[in-house]
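The sequence shown lines up with residues 1 to 101 when you count with my numbering.
Wrong hints could be hidden among the right ones.
Unchecked claim - Simulated crosslink set (EDC-like; lysine to aspartate or glutamate; CA at most 16 Å straight-line):
#, residue 1, residue 2
1, K15, D42
2, K55, D96
3, K55, D42
4, K65, D51
5, K88, D51
6, K30, D20
7, K65, E53
8, K30, D17
9, K88, E69
10, K88, E53
11, K92, E53
Hints in this document: simulated from the structure, not taken from any laboratory.
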Amino acid sequence: MKAAKQKEYQVSASKSDIVDRVSEETGVSKAVASNIITKAFDQVASALASDGEVKIHGFGNFVVKATKERQARNPATGVTITVPAGRKVSFKPSSDLKKAI
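Using the sequences plus the hints, can you model the full thing?
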């Protein structure tokens, strides 16, 4: 018989986890690390809003993509609704990041 294949579960890292790691690895206080992380995220969001693309060498690319209007169904009621066109952020990891994972 074949051995049962174990499922691998993803462990997520919250912003506070990242702040803790940066603080420990750099020796700065958690407040300073939190401020740096927040500013970095703010800059990525700002660049996406204005330019629509952020490229971080060795990590990956964030790109704003347009979504089309579409039909969706409420699973609880079965009612069909129209979801308006919008924008979403897409991430494509770099080959370096893919290798590291």
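Hint check:
no.	hint	in the structure
1	K15 with D42	holds (13 Å)
2	K55 with D96	holds (13 Å)
3	K55 with D42	holds (15 Å)
4	K65 with D51	holds (12 Å)
5	K88 with D51	holds (14 Å)
6	K30 with D20	holds (6 Å)
7	K65 with E53	holds (9 Å)
8	K30 with D17	holds (11 Å)
9	K88 with E69	holds (13 Å)
10	K88 with E53	holds (12 Å)
11	K92 with E53	holds (11 Å)
No hint from the list above goes unmet by this structure.
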